[in-house]
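A.B. asks: The primary structure of each chain is shown beneath.
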Amino acid sequence: MAAEDDFEARAAVLARVESWRRRAPKLADETITMAHGAGGRAGQSLIEAVIRPAFSNPVLDALDDGAVLDIGDGRPMAVTTDAFVVTPRRFNGGSIGDLAVNGTINDLAAMGAEPAALTVSLVLEEGLAVDELRAIVGDLARAASAAGVPVVTGDTKVVERGAADGCYITTAGLGLVAPGAQLDAAAVRPSDAVVLSGTIGDHGVAVMVARGDLALAADVASDTAPLHELVAALLEAVPDTRWLRDPTRGGVASICNELAAASGLGVELDESALPVRGAVAGACELLGLDPLYIANEGKMLAVVPAEDASAAVAAMRSCEAGADACVVGAITDEHPGLVLVRTGFGGTRIVDMLVGDPLPRIC
Amino acid sequence: MRYVDEFRDPQAARRLLADIAAAAAEQPPRKFMEVCGGHTHAIYRHGIEALLPAGIELIHGPGCPVCVIPMGRVDDAIAVARTEGVTMCCFGDMLRVPGGESTLLEAKARGADVRIVYSPLDALALAARLPERQVVFLAVGFETTAPSTAVTLMQARERGVENFSVFCNHVTIVPPLKAILDSPGLDLDGFLGPGHVSTVIGTRPYRFVAEQYRRPLVTAGFEPVDILQAVLMLLRQLAEGRCEVENQYRRVVAGRGNDRALALLREAFVVRPHFEWRGLGFIAQSALAVAPEFAAWDAELRFEVPGVRVADPKACQCGEVLKGALRPWECKVFGTACTPETPIGTCMVSSEGACAAYYNYGRYSSRSRIPVHAT
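Chains as they are written, first to last, in the numbering used here: chain A, 5 to 367; chain R, -11 to 363.
Hints in this document: simulated from the structure, not taken from any laboratory.
Certain hints may be false.
Partner residues are not named here, just some residues of chain R that face chain A (Cβ under 8 Å, in silico) [as the list claims (entries may be wrong)]:
| hint | residue |
| --- | --- |
| 1 | A1 |
| 2 | A38 |
| 3 | Y352 |
As a list, the in silico SDA-like pairs of lysine to any residue whose alpha-carbon atoms are at most 25 Å apart [stated by the list, open to error]:
| hint | chain 1 | residue 1 | chain 2 | residue 2 |
| --- | --- | --- | --- | --- |
| 4 | R | K96 | A | A214 |
| 5 | R | K311 | A | A15 |
| 6 | R | K320 | A | E130 |
| 7 | A | K30 | R | P301 |
| 8 | R | K96 | A | A168 |
| 9 | R | K302 | A | A214 |
| 10 | A | K30 | R | V321 |
| 11 | R | K96 | R | V298 |
| 12 | R | K302 | A | R25 |
| 13 | A | K161 | A | E130 |
| 14 | R | K302 | R | A313 |
| 15 | R | K302 | A | W24 |
| 16 | R | K96 | R | E72 |
| 17 | R | K311 | R | R239 |
| 18 | R | K166 | R | E146 |
| 19 | R | K96 | A | M38 |
| 20 | R | K320 | A | R27 |
| 21 | R | K311 | R | A249 |
| 22 | R | K302 | R | I271 |
| 23 | R | K19 | A | A16 |
| 24 | A | K30 | R | K166 |
| 25 | R | K311 | R | E234 |
| 26 | R | K166 | R | E308 |
| 27 | R | K96 | A | A15 |
| 28 | A | K30 | R | R98 |
| 29 | R | K311 | R | L169 |
| 30 | R | K302 | A | A167 |
| 31 | R | K96 | A | A167 |
| 32 | R | K96 | A | P92 |
| 33 | R | K302 | A | V17 |
| 34 | R | K320 | A | A15 |
| 35 | R | K96 | A | T35 |
| 36 | R | K96 | A | D33 |
| 37 | R | K302 | A | M81 |
| 38 | A | K30 | R | G88 |
Model, not experiment: these values are computed from the prediction.
Think of the CB as a built atom: it goes at the ideal place given N, C-alpha and C, for glycine as much as any other residue.
One chain only, chain R, in its complex shape (with noise of 0.2 Å):
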């Protein structure tokens, strides 16, 4: 596959491993926060935690918008998904989130119309299909999907398809990696920078990353090349003094994002004044609402939406995990009381979940067999 496969060349990558085993053999140990999910998802899908020297650790961040929805909101999607005449539309993942008491895939099994779709737009086609449904679409994501579900209202706008709506609960990456910067005991070197969300927003939004925290930034694509390039990028920026936002995923993004895009939200959103993150707690104007302009088609003012907060379970440390402050093995339920097929809390649902993939992918590890040393 073009685009894929090179940037999965074993040699490349081992370059790039002797690369940085002798960058950080020369430094002190370093800690890079992976902020998005699907770094998370790669760095245990291809086995790349093992193959980095035992001085770089990687933490895994909050960029994975299944594990930030709050159990509140997934009470309230239930609740729309119960209501009489509701076709409920989600991602895959959706399904297996834990509310309060139950999830949507409980709900689907007792009665409820949930149904899996892979884009907003497919929600909307199942709307002009079944006219005599309410069709709701239980949107997630950050600013990369958020585009997606802007160009589904306003086609929803356009066709004047009434019955359609989104249970808008998009998110913005910026507030939370400023909550993670401002929390006390910051143990962090460096960050490896969001690709897709960046392919919207651009670099730009990271600069004060580098400039207020003195952190240097690397935005970075997805494939073990990429991961490996932005891990090296960031020893270099530390061992020559620089705190910078570079960005690894040129081939992707541009440094002033898509204004395209970017012109989509500012339409079909308004930015909430606050909003709960699971295990984060409440963040100033970290998310989306859907705009007065689209007012017909928010499913928040069409059904009866409890809007109840829920309280994490008091085994769950999903909120220690996100903030990079406990590794997920560390978590006191990990693999044990919380698996994915029994989730307590969200970074065990998502395969993006820190949990999750490290359960999944990475319970393993031999470091015998780490097969690459610096020469």
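With the rest of the complex left out, here is chain A (with noise of 0.2 Å):
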């Protein structure tokens, strides 16, 4: 430990980082490279830099997975469009057309909203096999019905040979916000409880795993799963929910960032509630992996009162998709902006927003 005299020395070069930090990214990339597409730090400023300045309007501005529109009488209406670029696009647990459906729809439950229909647009590559196409159509209409979400329109554009890899699916989606969601980082408060809905990094280590080029053999299943019914269900439970999002690219690190930069508040894990399987937590130890960061495509994220929280976790329960869900954490106004882990004996790290990208193209 540094002496005592140095501690206000490091205290302000601390404050000094945290006030560059907070400064809007700027992209100085001439080209485009995998890591603008990792939801890290880099996808961040190329979408600052680039995307939102050209459409800036309130609802983009507030740069979540969807849109909710009050467009009618009724309702609001949330909408959400994602496309979908994994390789392999088949492995352990499920498929690209499992994952266009149920990213998409966990992108409107993550806004409250009931999904009520999906659009789906194929690019296909020259010299794909049908029976694959198939097999991916086949893939997306079960997890559609399997959803009770309709397939209502779309669009199939074919490219020549090396203008694409094989198929690359873009889904949007369609729902109405559920009576009295308010759903706003805005809304959480200092002791909040941070639930999650269950084991973390499944999807992305299956994904690895399905590569084969890592000579490692782990039986672990992709967790992709829609989760409006446990949405719904919490929402029944605990109509306080202050703010939900599924933990997708860059994993439950980059989204609690993503809380703690909209919120104004500080994310506090508990390492050891962290729910990770074995085989997950295994292959990460020997890839130099942190699980926080990989990717899911089965989880949901809440935020709600401390009071609420055994409500939360029972309500999540009762769906199958929540089987494991649990409190990891909670919100704190002691380091605003910051996500920290509270590791096995004590000691705190930092876990800061995705740098680089391990594992490019996994949804």
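Got two chains here, separate frames each, mind docking them using the hints?
C.D. replies: The structure is reproduced here in structure tokens:
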């Protein structure tokens, strides 16, 4: 530990660093690199520098995973869209078709919306086997029907060999926001509980194993699943739920950072409470990855008032997708804007936005 | 997880912290250098720094393989990667290491075929799958990773894989340790010796630290309990007036090292007369080159390598950080001009680099939270 007289000098440096971090991210790169797609800071700076300024409006500027619009006379409508480029297209526990449906449903669910309809656009590369396309479309259809959400329109395009990698899918989703749902990072309060619907890192590790370039055998299945019923159960049990987000790319670490930034409060996670399957923990240990940064495709993170924490856990556990739900942390005003993990024996470490990309094209 | 969980046991850690606090209370303030980047990473990842009593400071040493690669070698790697027909394979950390002008990540975005592998054998397997490409493995690391590169070279020769080569940047741990001990104004009371390097070279090569430089050294494992136990062993040596090389990491490290791995290194590599270290300058006999018997698989002979020395950016103080003369946060550009997203220096790139570890994990510290007191 630094000597006492260093403490103030160090605190001054840390204060300067924090103020630099709050500056708007600047895009220095001249070309797109894989880091811009990783769900971390490079992606944020790309959006801030190129994309948001082009469209800027109050709905978009919230930079949520979807938008809530008051365009009719009835309940607010939620809309979201997502592109899917995962490689390989099939992995233990699912395929690009499952992700394309469940990912969009979960973005709607995270806005407190009941999904009503999906659209599907396919970009196909010349040379793709029709049998594979049939299988992917079959997965899409099965996932949509299992979730009870119809695919109501779509589009298909074909590009020359080499202009895409097999098959990319874009889906959009429409839904109506549940009556009474008031999800807003501004509603988050110190001492609120952070609840997670189950184990982390399953999807990322399953895809990594499926790539087969890792001489790694682990019995891990992707957690891809629709979470709208889980969210409906949660909102019914805990109408005061403050904020929801599904931790996909960049993992729980990245969305907690988004939460800290948007709420102006700190997030404190308890490392020993984080549910991680043994095989996932083992693979991460071997590869030097942190499960907090690994993508999930069937998990929801909720912020609820502390007194509602056990009701939230019970509501999630009443659904199959939330069987391992638990409280993983709390909101604090002690370190605004920062996410900390309390390690097993009382130490702490910062959990920052992802830099670089350990696992590209995970969804 | 067996062999992991028991070394992250909070109760064992608390007991050790209480013993450390008691031992430290009877001594002047101590500065220990952890030589290995793996230790630096573990210290921050588990929040150990904030748990140690105020009189004990851990200084981060030069043992991060990515951190010590000079900019000129990164430029060389980029030049090879840009060569027509080349597929460059490297560990993920190397992608973002800044060279004189750009990084491998940028070279990849501009069309170079750069791929991340987790082992040199993956690169060799890729060469077999891509017979029309020249597959180059960018080898970095200390004696820990060098044996696997050696095995890969041997397999390449055995199987006659002609489209594979190694761009070798392997370095050795003892010469930089000696350079640090020789630097003027040395202010260190002892060393945490690198655990994984020692599984290969054993603990005997460190004897000079105790015998010539009169500093105790304890070879340590990488879990929190390992590191705390090694700190306690150092404090006890100092309290008892001993100055020895001790081995905390007995479950893995044998005193004499691993004969087989050492034989592999002798067969596949030769010691370079000198090699440039980022921030430390040229150090004699501190790095390995592919041995003449494997010349056919040596990328430095197969490809045009500029081999130009690039001076470190003026603002960068990585050298001082690597020597332990400067704490990461004392560097003028720490966390402002130099961050993990836009690193100026190598120490900010790898998660084992002192600056990146401090920036990513240790930026926040609240001393009021320290929960352990000597009783």
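A.B. asks: Each hint should be assessed against the structure and marked as holding or not.
C.D. replies: Results of checking the hints against the structure:
Hint status for A1/R relative to chain A: holds, with the closest Cβ pair at about 4 Å, below 8 Å. Annotation: A38/R was flagged as interfacial toward chain A, and the flag holds, the nearest CB pair being 6 Å apart, inside 8 Å. Taking 8 Å as the C-beta cut-off, the interface hint given for Y352/R holds, the closest approach to chain A being about 6 Å. For a cut-off of 25 Å, the pair hint linking K96/R to A214/A stands: about 24 Å separates their Cα positions.
Between K311/R and A15/A the alpha-carbon distance is near 23 Å, which keeps this suggested pair within the 25 Å criterion. For the given pair, K320/R sits about 53 Å from E130/A by alpha-carbon distance, which is inconsistent with the 25 Å threshold. Among the hinted pairs, K30/A with P301/R is consistent with the structure: their alpha-carbon atoms are about 21 Å apart, no more than 25 Å. The hinted pair formed by K96/R and A168/A meets the criterion: a straight-line CA distance of about 17 Å does not exceed 25 Å.
Annotation: proposed proximity of K302/R to A214/A is violated, straight-line Cα distance about 45 Å (limit 25 Å). Between K30/A and V321/R the CA atoms are separated by roughly 17 Å; this keeps the pair inside 25 Å, and the hint holds. With a C-alpha separation of about 21 Å, the suggested pair K96/R and V298/R falls inside the 25 Å cut-off, and the hint holds. In summary, the hint linking K302/R to R25/A is supported, as the alpha carbons are separated by about 23 Å, within the 25 Å threshold.
Between the alpha carbons of K161/A and E130/A the distance comes to roughly 10 Å, so the proposed pair stays at or under 25 Å and holds. For the proposed pair K302/R and A313/R, the alpha carbon gap of about 17 Å is at most 25 Å, so the pair holds. Between K302/R and W24/A, the direct Cα distance comes to roughly 21 Å. Compliance with the 25 Å bound is thereby established for this hinted pair. Taking the CA atoms of K96/R and E72/R, the gap is about 13 Å. The hint holds against a cut of 25 Å.
Proposed proximity of K311/R and R239/R is contradicted: the alpha carbons are some 29 Å apart, above 25 Å. For the suggested pair K166/R and E146/R, the alpha carbons sit about 37 Å apart, so the restraint of at most 25 Å is broken. In summary, the hint linking K96/R to M38/A is supported, as the alpha carbons are separated by about 9 Å, within the 25 Å threshold. With a C-alpha separation of about 19 Å, the suggested pair K320/R and R27/A falls inside the 25 Å cut-off, and the hint holds.
Between K311/R and A249/R the alpha-carbon distance is near 28 Å, which puts this suggested pair outside the 25 Å criterion. Restraint check for K302/R and I271/R: the C-alpha separation of about 21 Å stays at or below 25 Å, so the hint holds. A threshold of 25 Å between alpha carbons decides the hint, and for K19/R with A16/A the separation of about 23 Å falls inside it, so the pair holds. A threshold of 25 Å between alpha carbons decides the hint, and for K30/A with K166/R the separation of about 42 Å lies outside it, so the pair is violated.
Proposed proximity of K311/R and E234/R is supported: the alpha carbons are some 23 Å apart, at most 25 Å. Our distance criterion of 25 Å between C-alpha atoms is met by K166/R and E308/R, whose separation comes to about 15 Å. At most 25 Å may separate the alpha-carbon atoms for a hinted pair to count; K96/R and A15/A exceed this at roughly 39 Å. A C-alpha spacing of about 21 Å is found between K30/A and R98/R, which places the hinted pair at or below 25 Å, so the restraint holds.
Straight-line distance between C-alpha atoms of K311/R and L169/R comes to about 9 Å, which keeps the hinted pair within the 25 Å bound. Pair hint K302/R plus A167/A does not hold up; C-alpha atoms about 43 Å apart against a cutoff of 25 Å. Only pairs whose Cα atoms come within 25 Å are accepted, and K96/R paired with A167/A is accepted, the gap being roughly 17 Å. For the suggested pair K96/R and P92/A, the alpha carbons sit about 21 Å apart, so the restraint of at most 25 Å is met.
Simply put, K302/R and V17/A have alpha-carbon atoms about 20 Å apart, close enough for the 25 Å limit, and the pair holds. A distance of roughly 14 Å separates the Cα atoms of K320/R and A15/A; the hinted pair therefore holds under the 25 Å criterion. Restraint check: the Cα-Cα separation between K96/R and T35/A comes to about 10 Å, which is no more than 25 Å; the hinted pair holds. Between K96/R and D33/A, the direct Cα distance comes to roughly 13 Å. Compliance with the 25 Å bound is thereby established for this hinted pair.
About 55 Å separates the Cα atoms of K302/R and M81/A, which puts this hinted pair outside 25 Å; it is violated. For the hint linking K30/A to G88/R, the alpha-carbon distance of about 21 Å falls within 25 Å, and the restraint holds.
In the structure shown, a violation is registered for the earlier hints numbered 6, 9, 17, 18, 21, 24, 27, 30 and 37, in ascending order.
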